[in-house]
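A.B. asks: As you go down the protein sequences, you meet chains W and S in turn.
So the first sequence is residues 5 to 115, counted in my numbering.
So the second sequence is residues 76 to 185, counted in my numbering.
These are computed hints drawn from the structure, not numbers from a lab.
Hints may contain errors.
[Unchecked claim] Label-pair distances were calculated between CB atoms; the ranges are: (1) Glu90/S to Gly20/W: 48 to 58 angstroms; (2) Ser107/S to Ser66/W: 26 to 36 angstroms; (3) Pro83/S to Gln58/W: 41 to 51 angstroms; (4) Thr42/W to Lys120/S: 16 to 26 angstroms; (5) Thr80/W to Ala142/S: 36 to 46 angstroms; (6) Arg85/W to Leu149/S: 43 to 53 angstroms; (7) Ser62/W to Ser107/S: 10 to 20 angstroms; (8) Leu115/W to Ser107/S: 35 to 45 angstroms; (9) Leu43/W to Ser143/S: 24 to 34 angstroms; (10) Ser156/S to Thr42/W: 17 to 27 angstroms; (11) Ser70/W to Pro168/S: 23 to 33 angstroms.
C-beta atoms are modelled at their ideal positions from N, C-alpha and C, and glycine is treated no differently.
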Amino acid sequence: DTGVSQDPRHKITKRGQNVTFRCDPISEHNRLYWYRQTLGQGPEFLTYFQNEAQLEKSRLLSDRFSAERPKGSFSTLEIQRTEQGDSAMYLCASSPQNEQFFGPGTRLTVL
Amino acid sequence: RKEVEQDPGPFNVPEGATVAFNCTYSNSASQSFFWYRQDCRKEPKLLMSVYSSGNEDGRFTAQLNRASQYISLLIRDSKLSDSATYLCVVNIPNDYKLSFGAGTTVTVRA
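Excised from the complex, chain W in its bound form (with noise of 0.2 angstroms):
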C-alpha cells in the first residue's frame, strides 16, 4: 500500500452522466498527476497539480474533464456527459519529486 487512497474503485456509469473521481496522494507530497490507463496500453498523462495550481493538462484532456486541487491536499477529476470512449482505469499518483506512487485507481464503465 502505497498511501495513496482512491474513490470509487469502480464506477458503472450510462453515458451521458457526470461522474467524479477522488485522490487522497500521500500528505507529504505535494505533487499529484491524474493518468488514463486502457487495456493493453500504459497509463496516459491527463493532468498534473504542485500543491493546489494545475499546472499542465494534456491533450486528452477534453473540454469535459475538469480537475481541482482545491487546498492542495487532496483531488478530484470530473467528467462531464460521459462517453463509451472514457471506459478506463483513472489512476493518481503522487510525488514528493521524481518518483511517482499510483493509489489503486478508479475503474470507470461507461455503459
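For this one, chain W is given, so just place chain S on it according to the hints.
C.D. replies: Using the frame of chain W, we list chain S on its own:
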C-alpha cells in the same frame, strides 16, 4: 513515433530462468528512467529507478544505454511471483509527467 516502446512479449519462462528485455525511448533529453511493475487490474508499482551506471536490486538488474537510447531489465532466478507486466518509464527535464511504455508481459511457469 511513440515516446517509449517496448516488446509486449509475452515472455514465458520456467522458474529459475533468467529473462531480459529492453525498451527504447525517443527523446534524447530524457533524464530519469524507471521500471514499474503492474499486476493484472492493479496499479503500477515502482520496481526500481535506473541510473546511468546501471543498478541492481536483488535479482533485478537495470541498465541504461544513452547512446542507443534504451533501457534494459534483467530478472535472475525467476519466481512465480515475478509474473507481471513491466512498464518502462521515462521523464524529461522540466516536464513533470512520466511517459510510459505499453509494458512487457512476463509469465513465469512452474
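A.B. asks: Can the suggested window of 41 to 51 angstroms be confirmed for the beta-carbon pair Pro83/S and Gln58/W?
C.D. replies: violated, 33 angstroms
A.B. asks: Is 26 to 36 angstroms right for how far apart the beta carbons of Ser107/S and Ser66/W are?
C.D. replies: holds, 29 angstroms
A.B. asks: Cβ-Cβ distance between Leu43/W and Ser143/S: within 24 to 34 angstroms?
C.D. replies: holds, 30 angstroms
A.B. asks: Does the beta carbon distance between Leu115/W and Ser107/S stay inside 35 to 45 angstroms, or does it fall outside?
C.D. replies: For Ser107/S against Leu115/W, whose Cβ atoms are near 39 angstroms apart, the range 35 to 45 angstroms holds.
A.B. asks: Using the Cβ atoms, figure out if Glu90/S sits within 48 to 58 angstroms of Gly20/W.
C.D. replies: Given about 50 angstroms between the Cβ atoms, the range holds.
A.B. asks: How does the Cβ-Cβ distance of Ser70/W and Pro168/S compare with 23 to 33 angstroms: does it lie in that range?
C.D. replies: Check passed, 28 angstroms falls within 23 to 33 angstroms.
A.B. asks: Take a look at whether the Cβ-Cβ distance between Ser62/W and Ser107/S falls inside 10 to 20 angstroms.
C.D. replies: Holds, at about 19 angstroms.
A.B. asks: With 16 to 26 angstroms as the target window, see if Thr42/W and Lys120/S comply at their CB atoms.
C.D. replies: holds, 19 angstroms
A.B. asks: Given the range 36 to 46 angstroms, decide if the beta-carbon distance of Thr80/W to Ala142/S lies inside it.
C.D. replies: At 44 angstroms between Cβs, range holds.
A.B. asks: Between Ser156/S and Thr42/W, does the C-beta distance stay in 17 to 27 angstroms?
C.D. replies: The hint (17 to 27 angstroms, Cβ to Cβ) holds, given that Ser156/S and Thr42/W are roughly 26 angstroms apart.
A.B. asks: Within 43 to 53 angstroms: is that where the Cβ-Cβ distance between Arg85/W and Leu149/S falls?
C.D. replies: At 47 angstroms between Cβs, range holds.
In summary, the one numbered hint that this structure violates is 3.
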